[in-house]
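*Asks:* Join the two chains into one complex using the hints; note that each chain is given alone, in its own frame.
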Amino acid sequence: MKKTIKYLSAGSLILVAASIQATELGEILHYSENIQPVDRDGEINVTVTGVTNDQGLLYLPSYEDSSVSAYSALSGKLAKGPKVTSVHGREVLAYQFSEPNSEVRLQQTLFVEDVYKTKKAKIKYSQPGGVKRISYAFMNTSPVTIETYSGQLSVPQKTELYGVVTPERSKKKKTYEIKRDGDWKVVEVNRKQVSPGDDVKFKIRTYSPSSAIKWTLWSLVVFLSGALLWKRRDVLMNLDAKPTAEKPLRAKEL
Amino acid sequence: MIAIARNLSSKSKTEKIMYYLGLPLAMVVLMLFYSIPTPDGITFEGKMSLGIFFFALILWISESLPNYATSMLAIALLSVLGGWAEKEALGTLGYGVIWLMVSAFIITSGMEKSGLAKRIALAIITRFGKTWQSILMSLMAANFTIAFIIPSTTARAAMLLPIVLLIAKAYNVESGNKNLGKLLAIQGLQANNISTSAIVTATAPQILAIGLLKEYTGSEVSWGEWFIASAPIAILTLVASFFIGFMLFRPKVDGKAGGDEINKIQRQYDDLGKVSLDEKKAAGIFLLTITLWATDKWHLDIFGFQFSLVMVAIIAASMFFMPYIGILTWKEAKIPWNLMIFAAGAYACGVSLSDTGVATWALSGLFSSLGVQHMSFSMLYGVVIAISSFSHFVFTSKTVRTIILIPTLIGLAETAGVSPLMLALPAAFTIADTITLPPHSKANLVYYSTGYFSVNDQLIYGILTLMAKWCILFGASFTWFAYLGITA
Chain A
1 MKKTIKYLSA
11 GSLILVAASI
21 QATELGEILH
31 YSENIQPVDR
41 DGEINVTVTG
51 VTNDQGLLYL
61 PSYEDSSVSA
71 YSALSGKLAK
81 GPKVTSVHGR
91 EVLAYQFSEP
101 NSEVRLQQTL
111 FVEDVYKTKK
121 AKIKYSQPGG
131 VKRISYAFMN
141 TSPVTIETYS
151 GQLSVPQKTE
161 LYGVVTPERS
171 KKKKTYEIKR
181 DGDWKVVEVN
191 RKQVSPGDDV
201 KFKIRTYSPS
211 SAIKWTLWSL
221 VVFLSGALLW
231 KRRDVLMNLD
241 AKPTAEKPLR
251 AKEL
Chain B
255 MIAIARNLSS
265 KSKTEKIMYY
275 LGLPLAMVVL
285 MLFYSIPTPD
295 GITFEGKMSL
305 GIFFFALILW
315 ISESLPNYAT
325 SMLAIALLSV
335 LGGWAEKEAL
345 GTLGYGVIWL
355 MVSAFIITSG
365 MEKSGLAKRI
375 ALAIITRFGK
385 TWQSILMSLM
395 AANFTIAFII
405 PSTTARAAML
415 LPIVLLIAKA
425 YNVESGNKNL
435 GKLLAIQGLQ
445 ANNISTSAIV
455 TATAPQILAI
465 GLLKEYTGSE
475 VSWGEWFIAS
485 APIAILTLVA
495 SFFIGFMLFR
505 PKVDGKAGGD
515 EINKIQRQYD
525 DLGKVSLDEK
535 KAAGIFLLTI
545 TLWATDKWHL
555 DIFGFQFSLV
565 MVAIIAASMF
575 FMPYIGILTW
585 KEAKIPWNLM
595 IFAAGAYACG
605 VSLSDTGVAT
615 WALSGLFSSL
625 GVQHMSFSML
635 YGVVIAISSF
645 SHFVFTSKTV
655 RTIILIPTLI
665 GLAETAGVSP
675 LMLALPAAFT
685 IADTITLPPH
695 SKANLVYYST
705 GYFSVNDQLI
715 YGILTLMAKW
725 CILFGASFTW
735 FAYLGITA
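Residue numbers (the working numbering), protein chains in the order written: chain A, 1 to 254; chain B, 255 to 742.
Some hints could be false.
[As the list claims (entries may be wrong)] Pairwise CB distance ranges (calculated): (1) A:L229 to B:I579: 52 to 58 Å; (2) A:Q96 to B:M629: 33 to 39 Å; (3) B:A736 to A:L239: 47 to 53 Å; (4) A:R233 to B:V672: 37 to 43 Å; (5) B:S623 to A:S67: 43 to 49 Å; (6) B:L554 to A:R40: 54 to 60 Å; (7) A:L229 to B:S632: 45 to 51 Å; (8) B:W591 to A:D234: 27 to 33 Å; (9) A:R40 to B:S632: 52 to 58 Å; (10) A:K122 to B:Y470: 36 to 42 Å; (11) B:I579 to A:N190: 47 to 53 Å; (12) A:Y71 to B:S562: 44 to 50 Å; (13) B:S623 to A:K117: 37 to 43 Å; (14) A:L229 to B:M629: 43 to 49 Å.
[Claimed, not checked] Listed next, the in silico BS3-like pairs over lysine-lysine satisfying Cα-Cα at most 25 Å (straight line): (15) B:K341 to A:K122; (16) B:K534 to B:K367; (17) A:K132 to A:K122; (18) A:K119 to A:K77; (19) A:K203 to B:K341; (20) A:K132 to B:K341; (21) A:K231 to B:K267; (22) A:K120 to A:K201; (23) B:K341 to A:K119; (24) A:K174 to A:K203.
Keep in mind that the hints were calculated from the coordinates and are not lab data.
Cβ atoms here follow ideal geometry from the backbone N, Cα and C, with glycine treated the same way.
Chain B extracted, bound-state conformation (with noise of 0.2 Å):
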């Protein structure tokens, strides 16, 4: 099983207090709810889906309760207090990331089993890691390079989880290393959004923003046009993301130490010998769910048929099973059923927020609370890229930020008198920005699995990240904007 919650032991003073006292505070966080009247604006299902999302939050933060735990009383609180109705919270199991998940540690099994995934990994370490830091680069060049061809942050990180295992375990991150894990995941995870806003076209949502500017302004925004403002921003967020994780989680073995270990890991590369037939089979399948999920624009024209992402890693799952193709066995399939409940349970909260009229009502009142109309533009820009930046806290969906946070900055533009592609494109780069909890996105859920890291350190590191990003598109509003002309 998975460790998604981590023994008593291994915890520092602070996470010991919160485990303390998490359940205690999270049980009268959600009787408060219960008890204060319904605010104006939301319904009774309203408050009480913000009271359990709230209730979760805690627990999933203090560790208080085993994360699968909380999830499992999550759908049942939602579903008896009122938060949401049973079927819907339930169905959440049977979500399409749900399946994607079981069918991705399908895929990770048989790459593990055929071998194939740890002669990746080695090839990667002895051709790119001298040491674990130039690892750590590579794989975010791989996660920037691999968004220009494959449109879902989902199947990316699906993708790049046996190669990150096998690079942890090859570093002894089982070991004690636990640092290195921790950036190893956490780095993934940021590396997959981040590079993502780079490219208008890595994933759906954002080209819904465009579609929605250009329906609300009629400015067209070109994918050339997206790229030049946006990848200058990602790529030095990487590189504050590389370094505040540096800061963060520093792993035990220095620069150099890497060295010795690299030897290692090239003898042990060399000994893997000749490709097996089973490592061809795995690759096959792999290469096939990759060309697969790349050309999803054209399946129609080519098969006749559309697959979707789900559907795609499903086939593929299914065919490592199969007899001459397949090389798993079900019991040698090792899905993490525990990761499915939590990631049922974080979907049912964050999706009710926003089924309920909630992160509408929550959005909507901020902006009205703040009284961004009669502020400088600079302050209001501020002030927007930080709400569109960590608004994901309440908007599971990237697509339901969108199709609320475009048009509702669109207006707030107009009426503050300024140009809305000034507020709504810079806001726009920040759909992707979904890198704070587990459930913000399925790319995150599925580089939680690894257990590697806690809800907390991932929290702590994504809003430092996202603080960087926020002074990076602040900075560039006065120079790089600017001299695109989104700014002047």
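Extracted from the complex, chain A is given alone in its bound form (with noise of 0.2 Å):
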């Protein structure tokens, strides 16, 4: 009896703590993320499904040398636009909704420096020349858990995807997808319960064959091909001769 009387007040404090901090800090139910190139900076798209802080406040993550372009409620009333605020000691992007702790959706639009900043890829030893590398983090700085976050970073245009570093691909589970997404092929990263301070790196690696090697290649391959297709000639000229009885040498060594 004195366990059951445990276990409930100790479930009953864990209820009560969580619904506390949604009280105060807020929920983030989902968060979306997508990614895409203006030359070496990026543009990202951010789609959110959140619940207010009983003061009607919306605590979402912050971008480190960025700008917020553009942002609308998608559902709910928003009062204020973004403040750069610090929570628990980290920058947070905080938007004022007139309606506290009700669920509210929003779309915001952000200009990130350098994220598409490549380097050359660190591949050993042979490899085709100019693979570059492009990394991209996103971390959960604000005060609470994100439960679902979906990322897309997308390819540069022209480019191939060479291949992708982070998440590391797993035989056991889908790590990562690749999709087409309009005109942009994208990495797709999706995460469950991503905690305040945790982070989603992405790595991936990008090429674009030179158009140049591929027509030495060609020519080469078109030169290789006849030359052989001349040298081997007589094999076309022996096509009727029956075939011969080969002794299979392993057999011949026993």
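*Replies:* As structure tokens, this is what we get:
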């Protein structure tokens, strides 16, 4: 009996704590971002579903070296635009809604510097020339856990997606997906329960095969094919010769 | 050196044309892959690994280049063109299967030198081999029987290899009886893989399959239930394989001609005399090897150490070189390094497809493009069985194929509104159907090392046998499986 009371009390405490936290800090139920390149910078379109706190505030993760270029409420009434503030020592974007403790949906577009700054890919030994890497990390600077996260990193146009380094491919579960989103090829990563301070990393490699190399290789293949067909032309002349028996060498060795 | 590329003079007209066109065609296909934009769903690495796989496949089938040269080229191309990291591609030469093959050839050399392999082979022929047909049937039966005790297709192939080689020698395969060599080797590998499908414990991926079935659907399939459902399919497929082989590669000797040869073999057997000390030593090492392979579940309890399949083979091979108990010197060990290079390249092509996600992408793309969700059960069942049976073309690893195939089929069955077991269990019976190309299974490579058949021979024979198995499985869906309640 004592044990049951103990468990019930502990359970109730957890529920109360969670409810207090939700009332104070709000909730982020779903956070989705689509990252597209603008030269070497990135445009990030974010769609969030969350619950405002008891003051009607919705705290969202902030981005370094960024500016919010557009925002709108998809559901709920937005009272004030984003304000950079500090909660629990981390910078967040605070949106003021008219309705406290209610579910809202918001869309924002951010301009983030250097997202598509490329570096030479670290591939050891043999490789095609000109493979570059792009790294992007989303950090949950908000004070609450993001229940579900979905990030789409677009591959710059006119380049090939050479490979995905992070997240690493797993044989047991799907860690990422490569999809097409309109004109863009995207690497999509989905996560559940992204805690405050946790990050979701993307590291991809891109490659633009040079057309000069393509033409050189094609010329080489055509030349070699022609030369081979010419050098082996005697095979066609002896097509009707009957096959002769050949001794399998392995058996011969025995 | 083992012949894994035949002389031009021994090729038929079609094979000569394939030889003539193979290399130019392979190069053009590879360049097409390099030039086209990467399809959605995969990376450039994946696209190139697929291109290099087709490049190598064309060359292996056409024999336009020696197979080991194709493998070396494939490894180089994978690294340079970005199909797979160099470290990974080169690492395939260190795979367990390569060590297993090296060890198997040392064991085979020891068995040959001691004369034990010859004694066993001659004993089999004189007891059961009244004709070459009965020899083939006894080898099939041997493959089926040892599948109960040795839970590895590769170990069973390595065990039967010396016997197959000696039987081939006794039947003058080296003096032109090529078709019998083909039958002995290809039927050997088919019997090995098909027998595996009858016994759930005969290969680990089948155990994984029933584990996945339980995890995803809660349905438990016992050893006995698997055997009752699958063994008749396996036996009928073995019968079909026997007759298909007979049609494709009818040996020049007729059935009765075997009688004279058997008499000669009987005399050879009688001349062997008493078992020599070397034979006893070889038998001791061989028995120890089989015992260790058969008891791997209890190694920790018995010895306090676990010995993997490969380590057992390496220990056994090293014992043949030991003072007092060994009988071999390094020079006497006939290790076909060209085969090892071929196997490493073949593995690099296969594993890179899996590692870059191309295999999964191809399988899911195939299922969705066929629109299987809207088919009748019979149609759906037929398509699923065909895809699961032939999907080993893109998955070198049975384990990876199982991990991808079984959950996909369970999901598909749920979408189609049928019980998951109705599709996933019959599909699980095709996990061991890896009989079409040498790199599709380690056992295939062991038999390919005999040099008795070409890639093309195996491909045609394998496809026909798998088509026969598909018909048997399809027929079973409304007869045997319906009676057992799997598809009812």
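*Asks:* B:W591 and A:D234, beta-carbon distance inside 27 to 33 Å?
*Replies:* holds, 31 Å
*Asks:* Just to be careful, I want the Cα atoms of B:K341 and A:K122 compared with a cutoff of 25 Å; is the pair within it?
*Replies:* holds, 13 Å
*Asks:* Is it true that B:I579 and A:N190 lie within 47 to 53 Å of each other by Cβ?
*Replies:* violated, 59 Å
*Asks:* Holds or violated: A:K120 and A:K201, Cα atoms, limit 25 Å.
*Replies:* holds, 18 Å
*Asks:* Measure nothing beyond the straight line between the CA atoms of A:K132 and A:K122; if it is 25 Å or shorter, mark the hint as holding.
*Replies:* holds, 8 Å
*Asks:* Should the hint that A:K122 and B:Y470 are 36 to 42 Å apart at their CB atoms be regarded as holding?
*Replies:* holds, 39 Å
*Asks:* So the hint says 43 to 49 Å: do the beta-carbon atoms of A:L229 and B:M629 match that?
*Replies:* holds, 45 Å
*Asks:* Please verify whether A:K119 and A:K77 have alpha carbons no more than 25 Å apart.
*Replies:* Since the Cα atoms of A:K119 and A:K77 sit roughly 43 Å apart, the hinted pair is violated (cutoff 25 Å).
*Asks:* With respect to the beta-carbon atoms only, verify the hint that A:R40 and B:S632 lie 52 to 58 Å apart.
*Replies:* holds, 57 Å
*Asks:* Does A:K119 sit within 25 Å of B:K341, going by the straight-line distance between their CA atoms?
*Replies:* holds, 22 Å
*Asks:* Does the beta carbon distance between A:L229 and B:I579 stay inside 52 to 58 Å, or does it fall outside?
*Replies:* Roughly 57 Å apart at Cβ, these two residues keep to the hinted range, so it holds.
*Asks:* For the pair supplied as a hint, A:K132 and B:K341, is the alpha-carbon distance within the 25 Å limit?
*Replies:* holds, 19 Å
Checked against the numbered hints given earlier, the structure breaks hints 2, 4, 11, 12 and 18 and satisfies all the rest.
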